[in-house]
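Undergrad: The task is simple: from the sequences and hints, build the whole structure.
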Amino acid sequence: MKRKEITTVTVIGAGDMGHGIAQAALLGGLIVHLYDTNNTSLQRGVDKINESLEILHRKGKIKAEEMQFCKTNLHPTLNFQEAIESSPFIFEAVPEIVELKRNLYSDMEKIASRNTIFASNTSNMKISEITKDLQYKDRVVGAHFFNPVVLMKLVEVIRGDETSDETMEITYDLCLKMNKTPVRVEKDSPSFIVNRINAPLRVFLGAIVDNEIAQPEEIDALMKFHGEPMGHFELADYVGLDVTYYSCQYRQQVLHQDYIPYKKLTEKVNSGELGKKAGKGFYDWSVGRPNIDVDKKTDKIKMSDIDLVKLNEAAKLIEEGVATPKDIDLAMVLGTGDKVGPIEKNKGIQLEDAINRLATLAKELNKQVLEPAKILSQAPENVFLWEGQR
1 MKRKEITTVT VIGAGDMGHG IAQAALLGGL IVHLYDTNNT SLQRGVDKIN
51 ESLEILHRKG KIKAEEMQFC KTNLHPTLNF QEAIESSPFI FEAVPEIVEL
101 KRNLYSDMEK IASRNTIFAS NTSNMKISEI TKDLQYKDRV VGAHFFNPVV
151 LMKLVEVIRG DETSDETMEI TYDLCLKMNK TPVRVEKDSP SFIVNRINAP
201 LRVFLGAIVD NEIAQPEEID ALMKFHGEPM GHFELADYVG LDVTYYSCQY
251 RQQVLHQDYI PYKKLTEKVN SGELGKKAGK GFYDWSVGRP NIDVDKKTDK
301 IKMSDIDLVK LNEAAKLIEE GVATPKDIDL AMVLGTGDKV GPIEKNKGIQ
351 LEDAINRLAT LAKELNKQVL EPAKILSQAP ENVFLWEGQR
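The sequence shown begins at 1 in the numbering used here and counts up one residue at a time.
Read the hints as simulated data drawn from the structure, not as lab findings. Check before you lean on any hint, since a few could be wrong.
[As the list claims (entries may be wrong)] List of simulated lysine-lysine pairs, PhoX-like, C-alpha gap at most 25 Å:
no. : residue 1 : residue 2
1   : K316      : K297
2   : K326      : K187
3   : K363      : K302
4   : K367      : K264
5   : K187      : K48
6   : K132      : K59
7   : K302      : K224
8   : K296      : K316
9   : K297      : K263
10  : K48       : K59
11  : K297      : K276
12  : K347      : K224
13  : K277      : K300
14  : K302      : K187
15  : K302      : K277
16  : K326      : K339
17  : K345      : K153
18  : K101      : K59
Given the structure is predicted, the values throughout are model-derived calculations rather than measurements.
TA: Below you can see the structure in the form of structure tokens.
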């Protein structure tokens with residue numbers, strides 16, 4: 001099966017990510033079967049797609065014929081068997097609950113063709129963890145889209161322990177057909193690239209806040225002063241502090257104890273202050289996006305500390321064979337809005353100084369995950385560490 005042979009896909013789950021993936025597939029010229037377990041959720045997803053298509057048309061992004069083509073090719077259904085049995089490619093976008101996903105894949109495997117590819121939109125879970133009970137693990141792959149799917153170009157294409165080369169290639173090419181920019185994650189490691197690199201940054205900044213070294217707004221002001229489109233805590237509010245909290249718990253279980261949700265985050269979640277969707281989190285969202293005053297920027301940490309924490313985790317991904325330097329930088333640019341990736345940004349740094357600073361941060365904050373990657377000490381001083389690997 002080749003990319004050009006796939007004309008129809010199924011999306012399981014009509015929530016924010018599911019209907020976004022469905023719309024991207026429609027805009028890529030595909031016929032889409034959109035499935036959900038109840039009519040309310042399904043209809044909401046269909047309405048969101050139609051509303052978004054109308055907006056794109058009004059803005060001149062798509063022509064009237066293309067909009068109508070997409071609407072005609074969308075087939076919502078509550079019939080699980082109908083959605084699965086004749087589809088060559090299935091995107092799964094259900095909640096991040098491992099047992100829910102495992103049960104779903106077992107049910108799909110009983111109905112689907114042997115050649116059908118299953119692609120999980122999980123943002124953190126190992127693909128092999130999801131496929132544990134399957135007979136044919138070679139046809140399951142990760143396809144992690146970013147929200148809002150229609151606007152965000154990045155898709156992390158993740159190889160499970162038993163994912164075949166053919167499955168990887170077909171998924172990569174299909175993402176291209178959907179007008180996305182895929183990057184390869186060649187080792188099944190939790191959180192993949194973007195979320196993995198941001199995870200120790202959350203540990204670092206969470207510890208800064210918990211130790212009352214600086215306040216969330218002071219840290220965000222520093223980041224915005226240096227040109228970041230959103231501050232760290234502002235972004236957490238936007239995503240949802242409950243989502244952030246559960247992601248931390250998962251990484252605590254599968255990566256390291258240091259990823260335990262930090263105290264201030266736990267307090268917010270326990271009080272129901274979940275961020276934008278609740279009207280309040282680290283910021284008040286009741287009247288719209290918070291106005292962060294850059295004059296309040298902290299001087300207790302430097303932007304270079306944030307950059308080093310990102311570089312350090314990127315180094316660990318290279319060390320583990322998860323992804324190439326080129327794909328790591330590309331993913332971080334497309335997935336976070338950073339102007340350049342962490343490797344390119346730190347080109348030419350004094351590696352000895354970087355190693356010493358990371359070791360100091362790890363010791364002062366008592367966080368092992370901030371300790372410098374071994375690969376950092378294996379390169380000549382002042383040399384761009386992975387220049388030959390790009």
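Undergrad: Tell me if the straight-line CA distance from K132 to K59 falls inside 25 Å.
TA: This hinted pair is violated, its Cα atoms lying about 45 Å apart.
Undergrad: For K367 and K264, compute the direct alpha-carbon distance and say whether it is at most 25 Å.
TA: Satisfied, since the Cα-Cα distance of roughly 16 Å is no more than 25 Å.
Undergrad: Are the Cα positions of K347 and K224 separated by 25 Å at most?
TA: Roughly 22 Å separates the two Cα atoms, so the pair holds.
Undergrad: If you draw a straight line from the CA of K187 to the CA of K48, is it 25 Å or shorter?
TA: Distance ~34 Å between K187 and K48 Cα, so the pair is violated.
Undergrad: Given the hinted pair K345 and K153, is their Cα-Cα distance within 25 Å?
TA: Given pair K345, K153 holds - Cα atoms ~21 Å apart, limit 25 Å.
Undergrad: Does K326 pair with K187 here, judged by a C-alpha cut-off of 25 Å?
TA: holds (16 Å)
Undergrad: Under the criterion that the straight-line Cα-Cα distance not exceed 25 Å, is the pair K277, K300 satisfied?
TA: Violated, at roughly 31 Å.
Undergrad: Going straight from one Cα to the other, do K302 and K224 come out at no more than 25 Å?
TA: The given pair, whose Cα atoms are some 13 Å apart, holds under the 25 Å limit.
Undergrad: Could you grab the alpha-carbon distance between K297 and K263 and see if it respects the 25 Å cut-off?
TA: Holds, at about 22 Å.
Undergrad: Checking one constraint from the list: CA of K326 to CA of K339, max 25 Å. Satisfied?
TA: With Cα atoms ~14 Å apart, K326 and K339 stay inside 25 Å; holds.
Undergrad: Given the hint that K316 pairs with K297, test it: the Cα-Cα distance must not exceed 25 Å.
TA: violated (30 Å)
Undergrad: Straight-line Cα separation of K297 and K276 no greater than 25 Å?
TA: Measuring from Cα to Cα gives roughly 22 Å; hence the hint holds.
The structure shown violates the earlier hints numbered 1, 5, 6, 8, 13, 14, 15, 18.
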